[in-house]
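Chains as they are written, first to last, in this note's numbering: chain Z, 9 to 280; chain G, 59 to 303.
Among the hints, a few may not be true.
[Claimed, not checked] Pairs of lysine-lysine, DSSO-like flavour, derived with a Cα cap of 30 Å:
#1 Z/K172 <-> G/K171
#2 G/K125 <-> Z/K93
#3 G/K60 <-> G/K277
#4 Z/K172 <-> Z/K93
#5 G/K60 <-> G/K134
#6 Z/K172 <-> G/K125
#7 Z/K93 <-> G/K277
#8 G/K134 <-> Z/K189
#9 G/K277 <-> Z/K172
#10 G/K125 <-> G/K171
#11 G/K171 <-> G/K60
#12 G/K277 <-> G/K125
#13 G/K134 <-> Z/K172
#14 G/K171 <-> G/K134
#15 G/K277 <-> G/K134
Simulated from the structure, these hints should not be mistaken for lab results. Values in this document were obtained by computation on a predicted structure and should not be read as measured data.
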Amino acid sequence: MTLITAMEGREAIVNVRLRLAGRRHSIEAEVDWRGGTVTLDRRTSRIDEWEWDAPEVGAVYGVALNDRREWEAMAEAMTAPPYRKPPEGPVLYMKPANTINAHRRPVVLPSGVNRLRTAPAIGLVIGRTAARVRPEGALDVVFGYTIVNDLSIPHEQLYRPAVKEQARDGFTPIGPWVVPKEETVPLSSLAARVYVNGRLVQCVDLRRFRRPPEQWLADVTEFMTLEQGDVLFFSWPADAPLVSAGDVVRIEMDGIGALENPIVAEEGGEGE
Amino acid sequence: MKQARVAWNGTVTEAEPLDSGRLLLPDGTIVDEHEVMWLPPVEPRTIVALGLNYADHAGELSFAAPKEPLFFFKGKNTLIGHRGRTVRPAGVDMMHYECELAVVIGRPARRVKAEQAYDYIWGYTIANDYAVRDYLENYYRPNFRVKNRDRTTPLGPWIVSHEEVGDPMALALRTYVNGALVQEGYTGDMIFSIPYLLEYITSFMTLAPGDLILTGTPKGAVNVQPGDEVVAEIERIGRLINYIE
Numbered sequence: 009m010t011l012i013t014a015m016e017g018r019e020a021i022v023n024v025r026l027r028l029a030g031r032r033h034s035i036e037a038e039v040d041w042r043g044g045t046v047t048l049d050r051r052t053s054r055i056d057e058w059e060w061d062a063p064e065v066g067a068v069y070g071v072a073l074n075d076r077r078e079w080e081a082m083a084e085a086m087t088a089p090p091y092r093k094p095p096e097g098p099v100l101y102m103k104p105a106n107t108i109n110a111h112r113r114p115v116v117l118p119s120g121v122n123r124l125r126t127a128p129a130i131g132l133v134i135g136r137t138a139a140r141v142r143p144e145g146a147l148d149v150v151f152g153y154t155i156v157n158d159l160s161i162p163h164e165q166l167y168r169p170a171v172k173e174q175a176r177d178g179f180t181p182i183g184p185w186v187v188p189k190e191e192t193v194p195l196s197s198l199a200a201r202v203y204v205n206g207r208l209v210q211c212v213d214l215r216r217f218r219r220p221p222e223q224w225l226a227d228v229t230e231f232m233t234l235e236q237g238d239v240l241f242f243s244w245p246a247d248a249p250l251v252s253a254g255d256v257v258r259i260e261m262d263g264i265g266a267l268e269n270p271i272v273a274e275e276g277g278e279g280e
Numbered sequence: 059m060k061q062a063r064v065a066w067n068g069t070v071t072e073a074e075p076l077d078s079g080r081l082l083l084p085d086g087t088i089v090d091e092h093e094v095m096w097l098p099p100v101e102p103r104t105i106v107a108l109g110l111n112y113a114d115h116a117g118e119l120s121f122a123a124p125k126e127p128l129f130f131f132k133g134k135n136t137l138i139g140h141r142g143r144t145v146r147p148a149g150v151d152m153m154h155y156e157c158e159l160a161v162v163i164g165r166p167a168r169r170v171k172a173e174q175a176y177d178y179i180w181g182y183t184i185a186n187d188y189a190v191r192d193y194l195e196n197y198y199r200p201n202f203r204v205k206n207r208d209r210t211t212p213l214g215p216w217i218v219s220h221e222e223v224g225d226p227m228a229l230a231l232r233t234y235v236n237g238a239l240v241q242e243g244y245t246g247d248m249i250f251s252i253p254y255l256l257e258y259i260t261s262f263m264t265l266a267p268g269d270l271i272l273t274g275t276p277k278g279a280v281n282v283q284p285g286d287e288v289v290a291e292i293e294r295i296g297r298l299i300n301y302i303e
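In isolation and in its complexed conformation, chain G is listed as follows (with noise of 0.2 Å):
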């Protein structure tokens, strides 16, 4: 099952994707996606996203892969849907995209075991995570000037349900900017696989319905600049379109 949440007509609606790029609404009506605006596919209260969790994406910012997961929260505030734009603020010189694996949490969660965890998973989608890193700084790294920006984390375009997804840790992320292919990854290639990260997490905090953990990007870090076009794209799930302003 796939349910994205748009705006249409006036008024928010959940929509299930067709193909064909059309969009089926709960009340029956097909329209066209670009009679839309894509909207988050879920409004959640809590994002914890992982930081440093593909080893070959340390090693790329010269770190030692963590012995315990690295996290850190966002805000809503930071939440787009696809086809948004993100802005790249004046004078930077490094902004890069973040491809990410996105949980959607659909049960209460709290002290879950490994083994379990997919019960407690209701789909997948997937973020974008964007980190100008001019502004990085060693106190609460990585500090939220860098990740926390207004409208900076692209999500969607929609959420797969975890049955029509199977297995999450198989999945090939890959980022194009232009078309062109800029970073390629692989779900498997997670330092803490998905199982144990919700089992570490709810370990000490209790998730709820809605709630999304951000996997962790994988090599591949570039540039953007104004006017690029960055299609974050995740197997089996789809493409998630954002535009640099």
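Bound conformation, chain Z alone (with noise of 0.2 Å):
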């Protein structure tokens, strides 16, 4: 395994704190997501072989129009009615405790809705309480870094909050795990690839956000307090893809592993 490691690069061999489907608590184990082994408790064996959880997680925020090209189709019609003027503070908007969702569980398409939107993002687990930080130490309460599939019903309209669209149980896929932020690449080289039934359909990087996330934890915290397992995210929805009952989601970011989900339909699958 060893020389397999060397060859593929650092950046796929992660120290992690997972959780296991049916165990209480995280552990922390090796995992090499390129090869697709997980080495814990001394045992390596295949990821697939595991049924996983969702990381433990609280409070689960995103921030919304990060993405410099969203926020660029939407310049126009940011100066008109409803909106009137750009944002000035951050657009925040909560996914709830129902829609966390774990690697390779389905996300369940609602009857009656044709297309999901799938928008991969950076998750930072917070490690202890965040109150007021300053964006120069924003880091320092911030415990490590993780994949969020934030789907939800394509909507145009942000005016209101999207709480249809987007607070479904199960639209919040996260994980599989967590990486220790010491333990990867530093935030601003972390990079994104999605993947539908195995086909790349967008790369995004750290680049197009407007601001970065550690200004972001700086604005947030300076009103609400983040506290130890809340997350606050960030996604690439400008040109994310649609995803309909039948495909499989994968999204990749080197230095964190691959989060995969595949999406069915209401009737038989994962729903009632």
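Build the complex from these two chains, which are given one at a time in their own frames, with help from the hints.
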């Protein structure tokens, strides 16, 4: 395994904190997500042999309108009703507890809906109580990084909270694990690739963000405290793919891992 | 049945409020209410809050009554207990209280029908869902800087079970600032009733025991200032006291 490791590059092997289905507590393990193996309790096995649970997370918040491409596409609309002017403060939304989903678990396409938008996102997992942090030291409050698949029913309007479009059961796959920030590449160098049914459909990195996550952490904790386990995530929705029942979405981030979920129709699948 | 959550003697415990300002702890100890610090009576994972659910309040804010429930989520960072203090940010022009009936979910609730809604409700408490209107922006409105600020949602003092409340759609709400009545309403005037809301919300998302639905506020939103004592009162539930600083 060590030989393969050296050839694959450092970012494929990471020490992570993960949670297996049926086990109450998180454990630490080493994963080689390109090679598809996980080493826990000194035993190496295939990642796919295990059933995964989502990492233990608290409140999960998304920062909207941070994707420069989305911002530019909306620029004209932002000066017209109902928006009238571009936002000055952070535009946040919440993905409540019912939306949290795990690696390889199905996402249910609600009946009457044809397609879901599946936006890749980088999740910052808070490590200690974060209130009024400054941008310079913002990452001190971050424990590590995880992948978030921010699914929603496509919607144009951002005037009202898009609760019915964003907060469906299972609409926020997260994981497969959390990588402590010291164990991986710098935040600013993280990049994501989205595959639908094995075909690469989206390639993005943090240069497309309007502002760096460190700045948002300062802006958000200026008025709301984040607790250990809370997640603040940043997505790239502008060119995010649309998927329907039968599709499999895979989000890869070098230095973190790969989060994969099938989309299933409501009848007969994971739904009732 | 009434149930509170308090900090007492260096620990957190459930407590049953008795008459005459005393509390009964689970082990039989009786303490005076001034010996405890009141905490929010539940620790919800999910807080759903309704906007514009009373026609008179919608009118007051120059909105037509919505045809579909308008709601948003709140984080646990907003909650504080009875007799807590809420900060009015320096330099703002308009911060107002919102006295709201809060529904506490008792069972996992998914695809609940309105006719069965009360079977899924543990009880009710009072929320005072402050808003700082200076920060309103037209994106995912009401945006988090208005409605999700630390310690801006006093909750309590306790939960009163559904059985003890009876009909939650027939309760008077009143808010007093420094003793003066400033807001008055009636839960029966909600645009969307509690059974309707539970059916609507759980038609697409699952609620868990302890989750909250804040059902909106009637007309009478008035600016508050540091030093004010704000009392949100709901018939058959109690009086939730909060101080502005």
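What hints, given by number in increasing order, does this structure fail? none
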